[in-house]
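Enquirer: Numbering (numbering that gives the first Met the number 0), first residue to last: 0 to 516.
Note that these hints are calculated values from the structure, not bench results.
Just so you know, not all the hints are guaranteed correct.
As the list claims (entries may be wrong) - Calculated lysine-lysine pairs in the DSS-like style (CA-CA distance at most 30 Å, straight line): (1) LYS137 with LYS511; (2) LYS137 with LYS203; (3) LYS15 with LYS511; (4) LYS203 with LYS15.
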Amino acid sequence: MTTISRSPDTMPSRQKIIAFATLCLGMFIALIDIQIVSASLKDIGGGLSAGQDETVWVQTSYLIAEIIIIPLSGWLARVLSTHWLFCVSAAGFTVMSLLCGWAWDIQSMIAFRALQGFFGGSMIPLVFTTAFAFYQGKQRVIAAATIGGIASLAPTLGPTVGGWITDNFSWHWLFFINLLPGLYITIAVPALVRIDKPDLSLLKGADYLSIALLALSLGCLEYTLEEGPRWGWFDDATIMLTGCTAFFCGLFFILRTLYHPQPVMDLYALKDRTFALGCFFSFMAGLGIFSTIYMTPLFLGTVRGFSALDIGLAIFSTGIFQILSIPFYSWLANRVDLRWLLMVGLAGFAFSMYFFTPITHDWGVDQLLLPQALRGIAQQFAVAPAVTLTLGSILPQRMKLASGLFNLMRNLGGAIGIALCGTMINNRTNMHYSRLADHLSPTDPAVNALVNSSAQHNIGLGYSSEHAQSISLHSLSSMVMNEATTMAFSDTFYLLMVCFLLTVILVPLMKKPAVQR
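With the hints as constraints, model all of the structure from the sequences given.
Expert: Here it is as structure tokens:
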């Protein structure tokens, strides 16, 4: 493999495309691994003899590690250079994937998954900065469309790919599948990508205290958001401790970073209105993408009782429609103001949530097709223009540190969105169940007829009269719970719709990007 020049301007187009595609592959496998285990946690738990409370950490540990490293990747890229950081990250991700597949108990799996997320997370922002170094003008818009597509498509495909692999092979292959692409990336990136040089002098005088504060704040925040809905939020002492730690460490990090001569994150970039708004839109895109990835499989699993593979196939249409929309978006992006396309994307998210709101307990693949198709198209039109508008407003020398912040906001949006949706579904389910149960009076002829009819059926199956009556009442309670849960999902989709409609109003405040002036 031929080593290219350090200057992106002197790179042949063919080598530039190969280099960019290689980086995108690294980003894809890092992002898809966030959700690839979500449909297979029961299988992993069974294979490692772990309970549900332990198994959920197979996903949580990855997310915590990833959210910590993403904002630090810009500073690390300045120290090691983009290509060597990407190489080390790909190599570490590959080794940890192998060890995850070989994990001998749940503790080793959680440790290896955390390290896998740590190495994988640092690859994500580097693709953004490299794309803006490689391309200018219309090519930059196409590159941003590709990156935006991957950023939203990979997590969406995760449950589908994971469910298929587990059903056809075993859960071990959720991790072994990363070995070949990981090895290729490790070898190819140092030879293909040479856009900067390492600067080890930055290690001297670096703000290590801020790094520790940031890691502690983001780690505790992610733990609080992941575990809060399960433990009643601040009613639990551990959640209270991690929540307060996240807040105070984050506050001290911000104050220290603003005045340190060698900051690890460029918070002053937020003074630029377009960049600040772009970070907010990245936050909202993450909220929408990860919330719906969380909610749709949860509905299909709890209400409909779908298997992991059936869930994956049911939500696969989102990815298909997003892929189909990429060429159309790329064509429009060079002809239409990107702010209009961003408005279309955010409004499309709102409309897709609107079409989710009539959801009933018998919804399946057919009923989910339209709202998921709209969501897939909306993802492409919401993420890609936000990338171009936001990072296009930043000076090249500030790109690395700013890119980490931009990507962090997407992951924070996802974490907060999942926590918000989980809490709302739980609270609204309890409320709807209570209201529905109030209408099921023993003196109601319709209720009595339903219970007696079910009891007679159970007696015909050989149950005693008392046992048959108990089974009938339990079935009625389950039916009410199903309806209450479905109504709670509808309420949550409605809330997301309102959030995105309000977000659309802010788009005109962004400046038109230089590539379109």
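Enquirer: When the structure is checked against the list of hints, which entries are broken? Sort them ascending.
Expert: 2 and 4
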